[in-house]
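Trainee: Read off the chains here:
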Amino acid sequence: MNKLLTMEDLRALRKDALGEMTARQTCDIQVIVGMGTCGIAAGAREVVTELLKELQRRNIKNVSVTKTGCIGMCEREVLLDVVRPNEDRVTYGRVVPRDVSRIVGEHIVNGRVVEGLVVGRITS
Amino acid sequence: MQELSLHILDLLQNSVEAGAKKITLVVKDAPEEDELTIVVTDNGCGMTAEQCANVTSPFYTVRKTRRVGLGLAFLEMAVTQCGGRLRIESSPGYGTEVVATFSHSHPDRQPLGDLSGTIISALMGETELTFEYLHIYGNIKMKISSLNFGELLGIPFRFDRPEHLSLLEKNIREQLQTIYGGESS
Chain A
1 MNKLLTMEDL RALRKDALGE MTARQTCDIQ VIVGMGTCGI AAGAREVVTE LLKELQRRNI
61 KNVSVTKTGC IGMCEREVLL DVVRPNEDRV TYGRVVPRDV SRIVGEHIVN GRVVEGLVVG
121 RITS
Chain B
1 MQELSLHILD LLQNSVEAGA KKITLVVKDA PEEDELTIVV TDNGCGMTAE QCANVTSPFY
61 TVRKTRRVGL GLAFLEMAVT QCGGRLRIES SPGYGTEVVA TFSHSHPDRQ PLGDLSGTII
121 SALMGETELT FEYLHIYGNI KMKISSLNFG ELLGIPFRFD RPEHLSLLEK NIREQLQTIY
181 GGESS
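The listed protein sequences correspond, in order, to chains A and B.
Its first residue numbered 1, the first sequence is counted upward by one per residue in the numbering used here.
Its first residue numbered 1, the second sequence is counted upward by one per residue in the numbering used here.
In case anyone wonders, no lab produced these hints; they're calculated from the structure.
Incorrect hints may have been included.
Claimed, not checked - Partial list, derived from the structure: chain A residues whose beta carbon lies under 8 Å from chain B: (1) ARG11; (2) ARG14; (3) ILE40; (4) LEU55; (5) ASN62; (6) LYS67; (7) ILE108; (8) VAL109; (9) ASN110; (10) VAL113; (11) GLY116; (12) VAL119; (13) GLY120; (14) THR123; (15) SER124.
Stated by the list, open to error - In silico DSS-like pairs for lysine-lysine, Cα to Cα no more than 25 Å straight-line: (16) A:LYS53 / B:LYS170; (17) B:LYS28 / B:LYS170; (18) B:LYS143 / B:LYS22; (19) B:LYS141 / A:LYS61; (20) B:LYS170 / B:LYS22; (21) B:LYS22 / B:LYS141.
Stated by the list, open to error - Take a look, some chain B residues computed to stay more than 10 Å from chain A by CB distance: (22) GLN13; (23) GLU17; (24) THR24; (25) LYS28; (26) ASP29; (27) GLU32; (28) CYS45; (29) GLY46; (30) GLN51; (31) SER57; (32) GLY71; (33) GLU89; (34) SER103; (35) ALA122; (36) GLY125; (37) GLY138.
By construction, the Cβ of each residue, glycine as well, lies at the ideal position given by its N, Cα and C atoms.
Please model the complete structure; the sequences and the hints are all you need to start from.
Mentor: If you want it as structure tokens, here you go:
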């Protein structure tokens, strides 16, 4: 068995992927994760992978996930911003992977800010 | 930093911030030669000779948000604590290459860690990026390129689409599991 030659695997993935991708049209909600050295050391990678899993689990298609570097609040990393159209940009601080499902379920899906984790807000 | 892959994440993030349109990652895991080598090459803005000479100093940074820059300082520490070497070559306008070589068997050599999660975390959100990843373990080679991956998916691969990233992550994870046969590196 040589699974290194994964062309077949990829073609199988393609079939699944095409169905999913055609459903997706616009990204109206933005999530931004701090990924400077400080964010990385605080666990940004684990937060990002959990976030992507959670979006997949809930089959959410209208969210784009991007990252930013160090913004100078290193002691509050991992920082995660949620930007919903025509609403304030909300910055969550000291985010750990177990907070992700709450942020996705409450804020991204239902538009209710998870107040206990907020460290900053920029008015839209 | 607990894992070498977190240093890789930092290097990839540096490349992205340098405006790179093409990033290549090579991980050469060669226990028989007692070496583990990580190479990140990009075509970003590059650094001047002065920046290059100072870049591993924790108190050197070109950014204005704070006065420290710890990424490459941490990498140098991880390299030197296990008798390895770090080489950084850069040319303004052309790009940068970072080569970190570790002594494979040294007890203080950190484990490679979660490479698939690292790669997607580092590259997510990039809209105009080509990424190539070559992983060599002994005489087994694995190569993944965002261009080929896109061709096989039948549509352009996009780092800003969570579902594309999840597919790439799964693919890298499964290929690495195959070449390591369940062993951790």
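Trainee: Does each hint fit the structure? Answer for all of them.
Mentor: Hint by hint, here is what the structure shows:
Because the beta carbon of ARG11 (chain A) sits about 6 Å from the nearest beta carbon in chain B, less than 8 Å, this interface hint is met. Among the interface hints, the one on ARG14 (chain A) holds; its C-beta lies about 5 Å from the nearest C-beta in chain B, closer than the 8 Å criterion. Interface restraint check for ILE40 (chain A): the shortest CB-CB distance to chain B comes to about 5 Å, inside 8 Å, so the restraint holds. The interface hint given for LEU55 (chain A) is met, as the beta carbon of that residue sits about 5 Å from the closest beta carbon of chain B, less than 8 Å.
Restraint check, ASN62 (chain A) versus chain B: the minimum CB separation of about 10 Å is more than 8 Å; hint violated. Interface restraint check: LYS67 (chain A) against chain B, minimum CB-CB distance 6 Å, threshold 8 Å, status holds. For ILE108 (chain A), the interface hint is violated, since its Cβ never comes within 8 Å of a Cβ in chain B; the closest pair sits about 12 Å apart. Using the Cβ-Cβ criterion of 8 Å, the hint placing VAL109 (chain A) at the interface with chain B is not satisfied: the shortest such distance is roughly 15 Å.
Because the closest C-beta pair between ASN110 (chain A) and chain B is about 19 Å apart, greater than 8 Å, the hint is violated. Here the hint on VAL113 (chain A) is broken, as its CB sits about 22 Å from the closest CB of chain B, past 8 Å. Checking GLY116 (chain A) against chain B: minimum C-beta separation of about 25 Å lies over 8 Å; hint violated. Annotation: VAL119 (chain A) was flagged as interfacial toward chain B, and the flag is violated, the nearest CB pair being 16 Å apart, outside 8 Å.
Interface restraint check for GLY120 (chain A): the shortest CB-CB distance to chain B comes to about 14 Å, outside 8 Å, so the restraint is violated. Of the supplied interface hints, the one on THR123 (chain A) is violated, with its beta-carbon coming no nearer than about 22 Å to a beta-carbon of chain B, more than 8 Å. Because the smallest distance between the Cβ of SER124 (chain A) and any Cβ of chain B comes to about 21 Å, over 8 Å, the interface hint for this residue is violated. Restraint check for LYS53 (chain A) and LYS170 (chain B): satisfied, since their Cα atoms lie roughly 11 Å apart, inside the 25 Å limit.
Only pairs whose Cα atoms come within 25 Å are accepted, and LYS28 (chain B) paired with LYS170 (chain B) is accepted, the gap being roughly 21 Å. Note on LYS143 (chain B) and LYS22 (chain B): the hinted pairing holds, with a Cα-Cα distance of about 15 Å set against a maximum of 25 Å. Note on LYS141 (chain B) and LYS61 (chain A): the hinted pairing is violated, with a Cα-Cα distance of about 34 Å set against a maximum of 25 Å. For the hint linking LYS170 (chain B) to LYS22 (chain B), the alpha-carbon distance of about 22 Å falls within 25 Å, and the restraint holds.
A distance of roughly 21 Å separates the Cα atoms of LYS22 (chain B) and LYS141 (chain B); the hinted pair therefore holds under the 25 Å criterion. Under the 10 Å C-beta cut-off, the non-interface status given to GLN13 (chain B) relative to chain A is violated; the minimum distance is some 5 Å. Not every CB of chain A is more than 10 Å from the CB of GLU17 (chain B) (nearest about 6 Å), against its label as outside the interface. Every beta carbon of chain A lies more than 10 Å from that of THR24 (chain B), the smallest distance being close to 19 Å; the non-interface claim holds.
For LYS28 (chain B), the shortest C-beta to C-beta distance to chain A comes to about 16 Å, beyond the 10 Å cut-off, and the non-interface label holds. The beta carbon of ASP29 (chain B) sits about 14 Å from the closest Cβ of chain A, which is more than 10 Å, so the claim that it is off the interface holds. In this structure GLU32 (chain B) is separated from chain A by more than 10 Å, as the shortest Cβ-Cβ distance comes to about 19 Å. Distance check for CYS45 (chain B) against chain A: the nearest CB is about 14 Å away, which clears 10 Å, and the non-interface claim stands.
Once the 10 Å rule is applied to beta carbons, GLY46 (chain B) is consistent with being away from chain A; the minimum gap is 18 Å. Listed as a non-interface residue, GLN51 (chain B) keeps its Cβ farther than 10 Å from every Cβ of chain A; the least gap is roughly 17 Å. With 10 Å as the threshold on Cβ separation, the claim that SER57 (chain B) sits away from chain A holds: the shortest Cβ distance comes to roughly 14 Å. The claim that GLY71 (chain B) is not at the interface with chain A is violated, since a C-beta of that chain comes within 10 Å of its own (minimum 4 Å).
In this structure GLU89 (chain B) is separated from chain A by more than 10 Å, as the shortest Cβ-Cβ distance comes to about 21 Å. Every CB of chain A lies more than 10 Å from the CB of SER103 (chain B), the least distance being 23 Å, so the non-interface label holds. Not every CB of chain A lies more than 10 Å from the CB of ALA122 (chain B), the least distance being 7 Å, so the non-interface label is violated. Taking the minimum C-beta to C-beta distance to chain A, about 3 Å, the non-interface status of GLY125 (chain B) is violated against the 10 Å cut.
For GLY138 (chain B), the shortest C-beta to C-beta distance to chain A comes to about 12 Å, beyond the 10 Å cut-off, and the non-interface label holds.
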